[in-house]
Amino acid sequence: MLIFEHSSHGRNGAPQSPVEKASVSAIPESLLRKNRAALPEVSELQAVRHYTRLSQKNFSIDTQFYPLGSCTMKYNPRACNTLAMLPGFLNAHPLTPDEQNQGFLACMFDLQSMLCEATGMAAFSLAPMAGAQGEFAGVAMIDAYHKSRGDEERREILVPDAAHGTNPATAVMCGFSVKEIPTLDNGDVDLDALKQAVGPQTAGLMLTNPSTLGVFERNIEEIAKVVHQAGGLLYYDGANLNAILGKIRPGDMGFDVIHSNLHKTFSTPHGGGGPGSGAVGVAERLIPFLPLPMVTQEGEQYRYLTAKDCPQSIGRLSAFMGNPGVLLRAYIYMRFLGREGMVRVAEFATLNANYMMAEARRRGFTLAIDSRRASHEFIITLKNEARKYHVSAMDFAKRLLDLGYHAPTTYFPLLVPECLLIEPTESEAKEALDGFMDALEQIKQEAETNPEILHAAPQTLPVKRLDEVRAAKQLDLAYRGSE
Amino acid sequence: MLIFEHSSHGRNGAPQSPVEKASVSAIPESLLRKNRAALPEVSELQAVRHYTRLSQKNFSIDTQFYPLGSCTMKYNPRACNTLAMLPGFLNAHPLTPDEQNQGFLACMFDLQSMLCEATGMAAFSLAPMAGAQGEFAGVAMIDAYHKSRGDEERREILVPDAAHGTNPATAVMCGFSVKEIPTLDNGDVDLDALKQAVGPQTAGLMLTNPSTLGVFERNIEEIAKVVHQAGGLLYYDGANLNAILGKIRPGDMGFDVIHSNLHKTFSTPHGGGGPGSGAVGVAERLIPFLPLPMVTQEGEQYRYLTAKDCPQSIGRLSAFMGNPGVLLRAYIYMRFLGREGMVRVAEFATLNANYMMAEARRRGFTLAIDSRRASHEFIITLKNEARKYHVSAMDFAKRLLDLGYHAPTTYFPLLVPECLLIEPTESEAKEALDGFMDALEQIKQEAETNPEILHAAPQTLPVKRLDEVRAAKQLDLAYRGSE
Amino acid sequence: MPFIPHTEQEITQMLQTIGADSIEDLFDEIPTHLRAAVLSAVPTGMTEMEVSRLMRQRAEKNTKALCFLGAGAYQHHIPAAVWEITTRGEFYSAYTPYQAEASQGTLQLTYEYQSMMTALTAMDVSNASMYDGASSLAEAILMAVRANRKSKSRKILIPTTVNPVYRQTAHTIVKGQQIDLVEVPYDKATGTVTLDQIKQQAEADITAIVLQQPNFFGCLEAVDEITDWAHENNILVIAAVNPLAITVLNPPGEWGLDEASKGADIACGDGQPLGAPMSAGGPYYGLLCCKQALVRQMPGRIVGRTVDLDGKEGFVLTLQAREQHIRRSKATSNICTNQGLVVTASTIHMAIMGAKGLENTAAACHQNNNNLVVQLCAIADVKKAFAGAHFHETVLQLEVPAQQVLKALMQKGILGGFDLSLDYPELGHAILVCTTEMRNEDDIAAYAKAMQEVLAQTANNVASLQESA
Amino acid sequence: MPFIPHTEQEITQMLQTIGADSIEDLFDEIPTHLRAAVLSAVPTGMTEMEVSRLMRQRAEKNTKALCFLGAGAYQHHIPAAVWEITTRGEFYSAYTPYQAEASQGTLQLTYEYQSMMTALTAMDVSNASMYDGASSLAEAILMAVRANRKSKSRKILIPTTVNPVYRQTAHTIVKGQQIDLVEVPYDKATGTVTLDQIKQQAEADITAIVLQQPNFFGCLEAVDEITDWAHENNILVIAAVNPLAITVLNPPGEWGLDEASKGADIACGDGQPLGAPMSAGGPYYGLLCCKQALVRQMPGRIVGRTVDLDGKEGFVLTLQAREQHIRRSKATSNICTNQGLVVTASTIHMAIMGAKGLENTAAACHQNNNNLVVQLCAIADVKKAFAGAHFHETVLQLEVPAQQVLKALMQKGILGGFDLSLDYPELGHAILVCTTEMRNEDDIAAYAKAMQEVLAQTANNVASLQESA
Ligand SMILES: Cc1ncc(COP(=O)(O)O)c(C=O)c1O
Ligand SMILES: Cc1ncc(COP(=O)(O)O)c(C=O)c1O
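Chains as they are written, first to last, in this note's numbering: chain A, 1 to 483; chain B, 1 to 483; chain C, 1 to 469; chain D, 1 to 469.
Read the hints as simulated data drawn from the structure, not as lab findings. Quick caveat, the model's predicted, so the values are computed rather than measured. Hints should not be assumed to be uniformly reliable.
Result set (DSS-like, lysine-lysine): computed pairs, CA atoms no more than 25 angstroms apart in a straight line [stated by the list, open to error]:
no.: 1; chain 1: D; residue 1: 175; chain 2: C; residue 2: 61
no.: 2; chain 1: D; residue 1: 291; chain 2: D; residue 2: 262
no.: 3; chain 1: B; residue 1: 464; chain 2: D; residue 2: 312
no.: 4; chain 1: D; residue 1: 312; chain 2: B; residue 2: 57
no.: 5; chain 1: A; residue 1: 21; chain 2: C; residue 2: 356
no.: 6; chain 1: D; residue 1: 407; chain 2: D; residue 2: 383
no.: 7; chain 1: B; residue 1: 179; chain 2: D; residue 2: 175
no.: 8; chain 1: C; residue 1: 64; chain 2: C; residue 2: 412
no.: 9; chain 1: D; residue 1: 64; chain 2: C; residue 2: 412
no.: 10; chain 1: C; residue 1: 330; chain 2: A; residue 2: 473
no.: 11; chain 1: A; residue 1: 383; chain 2: A; residue 2: 473
no.: 12; chain 1: B; residue 1: 473; chain 2: D; residue 2: 291
Take these sequences, add in the hints, and give me the full structure.
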């Protein structure tokens with residue numbers, strides 16, 4: 001039932017607003033609203049009950065193992081939420097003079113510094129509001145860099161075919177064209193193809209390492225050389241640093257620019273879709289172009305850098321300071337971890353992924369890349385099962401839901417057929433990993449003996465399998481009253 | 001699965017304590033613990049997940065209509081929780097000097113005053129930590145009063161047979177014997193029986209008005225006269241003031257002492273069993289005996305009253321000030337309501353109960369007391385259904401759970417066979433009341449056509465009907481490891 | 001180990017299964033000479049007790065001054081229930097609802113959000129959110145360029161009454177795509193843009209015009225007139241609105257007097273006034289709505305209602321072919337993660353407040369601002385910059401530098417407003433003052449008193465300076 | 001109307017169904033002359049915005065001083081997760097689990113609590129909570145009187161080292177039942193009670209003895225020796241413990257050296273140190289545990305594990321025949337509502353902290369107190385009152401009135417301890433100082449510095465008084 005269906009005309013139970021409407025007679029009649037908006041009219045209890053019950057219909061980290069590959073669904077420490085919501089932060093107006101905003105600015109400055117250290121970059125801006133915006137900032141800086149040198153011809157961005165969809169989409173948004181670079185069966189970038197692709201038109205290469213195939217790009221130094229020699233810059237899609245934190249730094253690998261999804265590696269909550277943060281870091285030569293605002297320290301005082309300080313900046317990406325509440329949560333999380341905790345993240349994320357991969361192998365699953373170490377994630381391909389038993393990766397996914405596990409990422413990366421991209425994260429106990437592998441094995445057996453169970457899944461959730469085709473054809477995007 | 005069953009030896013994932021154990025060598029070896037307590041060893045995520053999922057197994061006001069008679073399961077405004085948990089309150093040590101505790105003390109003083117006004121009593125103490133302790137305080141004051149006048153022979157407390165179990169239990173705890181007074185079919189106390197019962201041994205009468213039968217005691221003035229003339233005092237079990245708030249005041253009815261369950265009328269949460277507050281109020285002559293601590297105002301300053309100020313007090317009932325967090329929530333709720341809101345509570349609680357009673361009648365249910373107004377609650381008796389279809393009130397209750405409603409109170413008051421005591425409270429919308437009555441009617445039909453459905457209920461909850469006999473016979477009160 | 005549950009025994013077992021000797025072995029594909037040293041610039045880890053202490057100290061450092069500052073972020077009352085429910089683990093720690101059946105909570109809520117937002121704006125379609133108001137304006141512009149097939153110019157008219165940081169953000173985001181943002185100056189008397197001024201800037205082919213209502217000065221634009229004119233000239237209208245204000249102001253879907261072409265084509269804005277705390281600037285969210293015809297140009301996620309195998313109602317992400325994870329370089333935008341949790345809060349906020357509650361709140365904001373302005377303008381040397389109605393912000397002109405006055409007010413515990421001198425030097429010593437429903441009579445009187453004292457003091461200083469000169 | 005959802009139309013419909021003309025009619029059984037007038041002493045209602053402002057102002061008035069005060073309530077770190085989960089609506093707004101199948105959350109949690117509490121105390125059985133530590137001591141005494149059938153005296157030995165307010169509360173609650181609380185003085189050198197002193201007070205027939213560990217002075221009682229002696233004399237032992245302290249101290253279930261009669265018979269105490277904020281005094285909860293043989297004398301709720309119709313594990317309230325709602329005047333106690341929500345928090349607290357975490361916390365409290373005492377006793381005119389080990393509180397004796405020193409410390413932002421002069425005048429100018437794990441080195445140094453300054457000032461004052469005299 002929709003909240004609108006709990007509505008009763010004239011109901012207004014909550015002491016949440018002035019009881020009487022103040023006069024708006026100073027506003028010309030013609031500019032006033034004629035009909036009150038058709039929002040639901042419910043009591044506070046009805047709203048609380050409705051949304052509390054709705055929440056219970058979600059799977060979430062706090063209730064289920066959620067090994068969604070490329071998304072890093074790790075534990076979100078509750079303290080990060082509690083402390084980021086201290087009144088001193090929540091009530092801070094974004095335009096508060098810097099002198100009265102020192103507590104918040106100190107956190108932001110420290111966060112910039114820690115990100116620099118963790119990634120080996122020279123400077124960081126926290127402005128981007130998600131990974132995709134971080135990518136935008138990064139590619140826009142590459143653009144600005146070349147243009148600042150009068151190098152106007154570099155209009156192409158190279159992207160491996162395994163890349164996340166945001167990479168090509170971003171390049172286009174920044175006005176570039178995109179060329180795809182193929183990936184070898186072993187998961188490494190096809191170096192020969194890359195060598196052929198680079199040229200005076202190359203603005204840069206966007207790379208994820210470890211790649212979305214869950215393996216570390218072993219030729220990274222060679223790749224960097226090839227791109228740099230061609231005059232291009234190297235972009236690191238660091239949406240996920242979970243596999244390398246404290247182990248290897250993008251800056252040391254030769255990357256010129258990187259974004260990091262703080263809502264992945266640094267554990268800010270995913271919130272059912274956001275908000276996130278795609279903080280962006282750069283090597284020395286790109287510093288002038290970083291997006292605003294940033295925070296600097298002068299003596300004991302912190303202050304925002306403005307366009308006056310950074311005349312070459314690509315500009316601002318949002319009205320204020322990105323997503324401060326998210327940034328605070330990441331900052332708090334990083335203070336929890338400390339330098340020693342960061343390394344542990346990589347170690348145990350990697351241990352968990354490799355353990356699950358070994359277990360998958362042992363239980364007879366086909367791995368997309370069998371011969372190598374997994375990074376923080378790995379891929380099972382169900383192409384054999386699909387062929388033999390007519391069950392799809394999607395069927396596996398839905399059946400997993402019935403067994404109390406959120407499904408891994410399905411059908412991404414696009415180049416592996418019928419794939420499950422599995423990312424356990426470091427915060428899950430062996431117990432959860434084993435339970436998940438048991439479930440997966442059970443489903444494999446069901447696929448062999450009774451594939452109908454898979455096709456009919458899920459059976460135990462609030463709804464059965466939903467008709468997506470109908471949703472797209474008979475568009476119903478908003479409630480318009482009970483006809 | 002128990003939290004203990006998620007435990008893994010040596011696990012210690014949370015940054016919640018010093019990592020190293022400090023030395024305790026200053027403590028003699030013989031006084032030290034030898035074996036570490038067998039608490040579960042789980043990660044913070046495991047604990048969060050376990051208890052989040054456990055919580056989802058509860059019915060609650062925030063998720064279901066919960067018309068549990070005599071319990072007043074009304075909406076608990078979230079703001080009451082948020083504001084009562086402001087750091088200024090949470091971090092206040094109970095022995096903070098009064099001068100540094102003025103914010104809290106001001107709330108307590110105001111709360112005392114508002115309770116006096118709402119009940120018509122001369123003074124209030126907030127010390128009792130639940131209704132039962134309020135009763136204890138009240139009866140102990142009656143005792144102290146008689147003794148202070150040298151009236152040592154009054155060792156009997158009168159209690160109507162419809163009374164809540166805490167009434168007789170309290171009287172005995174205070175050293176009195178208990179005499180039960182019968183109730184008439186129309187719900188009023190049997191006045192003749194009362195007249196015969198009173199005498200020089202009578203310390204007092206404990207009365208709930210409206211009674212637990214859900215009707216207003218019409219002879220209250222006569223009753224007061226009878227008891228007072230016999231030299232006894234009149235105790236008002238005001239666990240629930242929802243039916244009379246702002247309509248009639250116990251003080252005006254002639255009561256000498258009253259307790260009020262703030263966790264009912266004043267909406268502090270029930271918390272799965274508590275904490276509560278049983279604030280106790282008295283007429284003039286009992287003021288000297290009120291339990292400590294209380295708060296008084298002197299000029300602009302508030303301070304705690306101590307034993308020095310109140311030498312005749314019955315003493316203290318807890319180490320500090322009752323349950324301050326509960327008292328704050330009640331205070332906040334009362335400020336929300338204001339005087340006009342208080343009356344509305346009574347009006348709409350009564351409207352809802354009478355509406356449901358009328359609906360029950362219309363749908364063919366037998367009412368325990370058919371001819372009268374309901375107060376904030378009313379009783380259906382299923383004795384006919386029990387006789388004809390061999391279904392019990394308990395079966396109805398369990399089946400209601402399947403249909404998404406918490407069951408009303410069953411088998412209380414004890415004098416009505418197969419009863420459901422239904423209390424909707426003022427905060428429920430007509431929609432919820434109608435839904436509940438539809439469910440009840442459906443169950444009645446099921447009872448007639450297919451009583452097995454009732455006997456087998458519940459079917460949709462985490463467990464089916466539980467074996468209480470086994471629980472009491474094969475006592476298993478604590479986890480002792482997986483044998 | 002913080003947030004890592006492994007016991008020694010488990011680690012051993014797992015390594016055995018993997019066939020590795022140590023965790024270190026798992027990193028053997030990384031070239032040794034590239035391995036990171038200790039991250040010495042990152043401090044060592046802290047316990048929760050220590051982190052809490054640090055953060056409380058830092059939070060305490062932030063000002064508690066009475067806030068009369070707006071300029072795009074507003075201090076409104078948010079019912080306590082809103083964030084208590086929003087931060088329930090099931091909302092807080094879930095991700096994008098790719099597995100619809102296991103995400104009906106988030107999906108249904110988002111559908112309800114879209115329903116509420118279209119009701120509020122009187123538009124046909126809403127997406128599930130953009131990052132913030134400024135970036136949603138940028139996306140609205142990109143969308144208009146894609147949608148207006150009749151226009152080739154990629155020229156967008158954007159009055160200088162639109163929030164300066166919105167204009168800057170739009171510039172950053174659209175400039176890679178050869179889009180021309182043409183500024184239109186405002187009328188000095190009214191603080192709004194006039195049709196005449198617009199026409200002066202408008203060449204033959206204009207793709208779209210942006211109108212902010214209320215505008216950055218808190219003044220009310222002649223949206224009907226301009227919308228009609230734009231539509232007559234095949235120009236799309238992008239409305240940038242304060243979603244709280246439009247509970248009393250004519251909503252973008254109703255702009256224009258011409259019934260045939262009524263309504264803005266795209267509406268954007270910042271959802272902050274509907275349940276997001278100011279929080280030093282975010283997270284807020286960008287609202288983005290459009291006419292039905294433009295739905296396939298919409299960036300970002302959209303939730304649709306459908307049915308399951310049994311015909312039971314349910315909700316899914318829909319029209320995903322617009323999005324980067326399917327369409328890659330041909331997507332409508334690169335946006336992936338949005339501002340879901342804030343939308344969750346905002347939906348609950350709107351449900352609890354109801355349209356009437358929001359309307360009363362908006363009216364109170366307006367009235368408080370009128371009261372404040374009357375009291376401040378009663379002080380010598382303070383005057384309103386623009387005639388005409390304001391919503392809940394007003395530009396005041398002073399005789400002394402704004403910076404100086406604001407600083408002095410701050411010392412009296414008053415966050416007195418936004419200094420306009422950088423963005424609008426032509427206004428002289430001007431500040432933008434804002435009131436929400438949170439500022440009661442005492443607050444307003446306190447501001448007026450403080451201003452009086454500050455200006456008196458400044459006058460004295462000036463006088464004594466002059467004397468001593 | 002706050003918290004009332006009825007629309008005018010619904011009210012009309014409902015009255016029609018009832019057959020009443022107005023809501024007022026529903027009150028027609030109440031005698032008119034008794035009807036209440038307007039409750040004029042109750043202020044009019046407020047909106048949430050107004051209430052919030054009021055409460056924030058009041059909360060701000062409370063002190064933020066560094067807390068070195070204990071005496072029965074302690075400022076410990078509580079993981080943020082604890083109360084975030086505890087206040088989830090499903091726990092917060094549910095009631096006593098009378099409908100077991102719809103309350104498995106609360107019931108299983110309570111069973112887990114009982115399991116943890118018995119593990120912590122090393123006792124056999126725990127109930128689901130009493131109101132607080134003081135009232136649980138009273139109930140423990142009543143329980144002992146019911147349980148000790150060999151004793152007729154109803155005499156309870158209670159050392160004066162037991163928290164004075166616990167003794168007062170016990171007195172209030174048990175006095176109606178002709179129970180005699182016999183005080184036993186303590187040894188002036190050690191601040192503990194000796195077996196000799198006990199024997200002096202003990203007549204032939206004693207029902208039970210109460211022992212608090214650590215005692216009110218923070219000192220450690222000779223619990224083994226006294227337990228053995230008590231059991232030899234058919235005296236039941238009631239342990240009053242700090243449940244955090246017993247993660248390092250010998251738990252009550254292990255008291256005594258005589259294997260045959262080992263362990264206190266009843267253990268009570270306040271659960272506050274395990275997850276309840278100080279909160280001006282509550283809500284906390286009383287823990288109450290006993291030996292298996294005494295289970296039927298236990299007051300309050302108890303949860304048991306059982307199975308459902310399918311044999312699946314589940315949880316129910318059990319042994320309800322002890323309770324008032326079944327047994328009425330013959331119940332073991334009148335308790336009904338208990339402190340369930342605090343128990344919920346405490347259970348989650350224990351699960352997150354683990355035994356090791358609690359142990360490290362307890363040890364840190366202890367060490368911090370040692371450090372504080374060393375630093376304070378380095379100041380002239382400050383000395384320890386008692387020799388021997390302390391847990392995390394220590395009695396210090398001063399040369400000037402405690403009241404005066406504490407007040408001066410407060411002015412320096414230090415809540416310096418508990419003034420013992422009212423309850424223990426024989427100790428002179430004595431204060432009880434406490435440290436938990438929350439007081440770090442800086443805090444301790446700050447206290448020492450403040451104390452030094454305060455005492456120096458006082459000395460000066462005294463000196464100058466003497467001079468001027
Ligand atoms: C590899 C990779 N790159 C980029 C992104 C985009 O990040 P965001 O969703 O925060 O925009 C993601 C996240 O989905 C990702 O996994
Ligand atoms: C009528 C009545 N009296 C007394 C009580 C006892 O109150 P409490 O549970 O707070 O001890 C109750 C509550 O259950 C009650 O309903």
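Exercise. Of the hints given before, which are not true for this structure?
Worked result: Numbers 1, 11, in rising order.
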